[in-house]
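Visitor: If you want the building blocks of each chain, they are given just below.
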Amino acid sequence: MNAPLLRIENLSMRFGGLTAIDDLSLDVHDARITAVIGPNGAGKTTLFNCLTGFYRPSSGRVSLAHPRRGLLQLEELDSHQVASRAQVVRTFQNVRLFPKMTVLENLIVAQHQRLQQASCFTLAGLFGLPAYRRAEAQAIAVAVDRLTRLKLIDRADAVAGDLPYGMQRRVEIARALCVDPILLCLDEPAAGLNPRESAELNALLQSLSGEEGLAILLIEHDMSVVMNVSDHICVLNYGCKIAEGTPEQMRSDAKVIKAYLGEDDEGEQPGEFSGAPSQ
Amino acid sequence: MRVVVAQHAPSLRERLKDAAAVACVALLLGVPMIGLTTVDQGGALHVATRWPVLAIFVTLCFIGRLLARFGLDRLQLRRRSRPAAVSALRGTGALTAWVGWSCLGVALALPVIFSDNRYVVDTATTVLIYVMLGWGLNVVVGLAGLLNLGYAAFYAVGAYAYALLSTQFGWGFWQALPVAGAFAAGFGLLLGWPTLRLRGDYLAIVTLGFGEITRVILINWTDLSNGPNGIASIPRPTFFGLPFKPDGDTPTFASFFGIEFSPLHRIIFLYYLILALAMLTNLFVSRLRKLPVGRAWEAIREDEIACQALGINVTNVKLSAFAISAMLGGCAGVFFAARQGFISPESFTFNESAIVLAIVVLGGTGSQLGVVLASLVLVLLPELGRDFADYRMLLFGAAMILIMIWRPGGILAKREPTLRYRALSRDGGGP
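If you read the sequences in order, they're chains A and B. Per my numbering, the first sequence starts with residue 1, numbered consecutively. Per my numbering, the second sequence starts with residue 1, numbered consecutively.
This is chain A alone, in the form it adopts within the complex:
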């Protein structure tokens, strides 16, 4: 296997006496979906916050092999630099759209970096110079492309906060895709989706990683998503990695089953995850 896109080495995050992530190491590869699962409070979202600059990890390294900018240490970057320079973009567990702006505006804001440069820090934009107008037209084209792809184009002018929840989740993914990510970190993208919507999400994630070679890091509780789309699963419990491997391996891993279902006190058979077998 080639070198990983993202390499997390011995990452720890402590809040006072609480160790939220304990000496975690994980590789994320191009064109693959890596899922991070674990019970509530296992440290999954904390991991995302460490990767994307919202938290400074207490120790450890997060190295990104950027195709154009070389090796970047994500733990040293600010949160906005992680997105603008390293092109690692995340979504949030509870959707964070710009609720009063329209869907299209949400997607244009995501292209701020490029547009701001094209507008020569507002001057060219102020006078409506052709270079800026071209950049704006291009940004709109990108946004329209993402909206079409996520079947949101009919709602382009809708106020984002007024959309149904499942659609807001899609808008958030569309918006993240507008930043041109090389690594997309999705925090529970299937939460609150109905079965049909989550099947659509599966298809989308597979096409993003399979056809476009995007690396996806996924936190998810919905096993029908995790087991179906993941190439690699990492299981966390109390901040520690307890297992790692393919969906098939995880399904039968004793430690994983124990973490999820607890000790087998009452003589019940350890259950299978509810997800259908992959592919």
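Please note: incorrect hints may appear among the correct ones.
Straight line, CA to CA, 20 Å or less: simulated DMTMM-like cross-link-like pairs of lysine to aspartate or glutamate [as the list claims (entries may be wrong)]:
hint : chain 1 : residue 1 : chain 2 : residue 2
1    : B       : K245      : B       : E260
2    : B       : K414      : A       : D162
3    : A       : K100      : B       : E416
4    : A       : K151      : A       : E197
5    : B       : K290      : A       : D157
6    : A       : K151      : A       : E76
7    : A       : K255      : A       : D23
8    : A       : K151      : A       : E212
9    : B       : K17       : B       : D73
10   : A       : K241      : A       : E9
11   : A       : K241      : A       : D27
12   : A       : K100      : B       : D303
13   : A       : K258      : A       : E244
14   : A       : K258      : A       : E248
15   : A       : K100      : A       : D154
16   : B       : K414      : A       : D78
17   : A       : K100      : B       : E304
18   : B       : K414      : B       : D303
These aren't lab readings, by the way, just hints derived from the structure by calculation.
Fit chain B to the given chain A structure using the hints.
Guide: Just chain B now, kept in the frame of chain A:
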């Protein structure tokens, strides 16, 4: 309780109970405020009672509440029964534009219509100063969502910058305007930098402090600002170098155009000057709103954390909002100093910041036309209310409360999108 009221019309019993509760509160408040009064009897103060007046007051409150409740319920019922408000909403954009253009038309024609009425033109000039200040503050409060209670500080910085540059160094209005604006923008950065991490109430307190600090410095730094005595004889703006004075040795505005001198010329010129400055501000801000920086302002108002996750440098965005808002406030200050000819720290109290903020909030945060309507209300009401003498500010407060009840989001609360896919695809023609 509110929900119940909204769902079915309350019985007479409920209404009476509600009104009685209000009358009780009125009684409690009324005993010390109305029931008891002090009278001066031969140098000694005695407490006298006015029970009949109190009784009238409480009865009025009772009846008033009964009627108000009844009226509000009727209003709510009618609103509920109105069919989907979609069609009404679609019309808002066109209506806003129409009202905006007619406001501009009236503003342009006003000095012509009232060419012999100095009071009207003067008041209109004051309204326009507040419109410009409101548009400036709107950048930081309405668009970027950062509460600023010290806006008068930037107004003061602009005014003092022009006053000092003109009296000490002999600079003209047009030379000083950009420099004073830049100076105020610098102060905006100065305020913005330490408050980057603050939001909401905390930011409001710091900006309030900043406004007061600026005023106190102006009072105490006598060498620079001449302290509480202020700066007098600030040169008035000229008409491209032609001063507005009675005929003299040098050509004046009146002699150049061969018309008879009238002190009104300057008043009208100042009016058009502030109108032009305000319109320039409007153009500038509404253009910025459609640029990346303006969209980023609105985005940080909506969700700062999401902005960071999308690669927006929140620090820069906030600082740019502070700087541009301060610059516009500073330019308004330059005009203020040039118009008054005299400034002192008295003119830049917290009251001034509060009025400008009230204009932005009442107008509907983020709405350009709302600011115009709100400044009309807030500046004209106290003017029109002069006949009511002591009750002037009471009237003012009541108007503010009524606007907030009638339109909790401000007079014009609806946000216009900065771009529309439907319009774009129609222009593009499509395949």
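Visitor: Against this structure, judge whether each hint is valid.
Guide: So, going through the hints one by one against the coordinates:
1. A hinted pair counts as satisfied when its Cα atoms are at most 20 Å apart, and K245/B with E260/B qualifies at roughly 11 Å.
2. The hinted pair formed by K414/B and D162/A meets the criterion: a straight-line CA distance of about 14 Å does not exceed 20 Å.
3. For a cut-off of 20 Å, the pair hint linking K100/A to E416/B stands: about 10 Å separates their Cα positions.
4. Pair hint K151/A plus E197/A holds up; C-alpha atoms about 12 Å apart against a cutoff of 20 Å.
5. This hinted pair checks out: K290/B and D157/A have alpha carbons roughly 15 Å apart, not beyond 20 Å.
6. Note on K151/A and E76/A: the hinted pairing is violated, with a Cα-Cα distance of about 37 Å set against a maximum of 20 Å.
7. Restraint check for K255/A and D23/A: satisfied, since their Cα atoms lie roughly 18 Å apart, inside the 20 Å limit.
8. For the proposed pair K151/A and E212/A, the alpha carbon gap of about 18 Å is at most 20 Å, so the pair holds.
9. The straight-line distance between the Cα atoms of K17/B and D73/B is roughly 16 Å, inside the 20 Å bound, and the hint therefore holds.
10. As the CA atoms of K241/A and E9/A are separated by approximately 12 Å, the hinted pair is consistent with the 20 Å bound.
11. Our distance criterion of 20 Å between C-alpha atoms is met by K241/A and D27/A, whose separation comes to about 12 Å.
12. This hinted pair checks out: K100/A and D303/B have alpha carbons roughly 10 Å apart, not beyond 20 Å.
13. Restraint check for K258/A and E244/A: the C-alpha separation of about 15 Å stays at or below 20 Å, so the hint holds.
14. Straight-line distance between C-alpha atoms of K258/A and E248/A comes to about 16 Å, which keeps the hinted pair within the 20 Å bound.
15. Our distance criterion of 20 Å between C-alpha atoms is met by K100/A and D154/A, whose separation comes to about 18 Å.
16. Only pairs whose Cα atoms come within 20 Å are accepted, and K414/B paired with D78/A is rejected, the gap being roughly 35 Å.
17. Restraint check for K100/A and E304/B: the C-alpha separation of about 14 Å stays at or below 20 Å, so the hint holds.
18. A distance of roughly 19 Å separates the Cα atoms of K414/B and D303/B; the hinted pair therefore holds under the 20 Å criterion.
Violated hints, in rising order: 6 and 16; the structure is consistent with all others.
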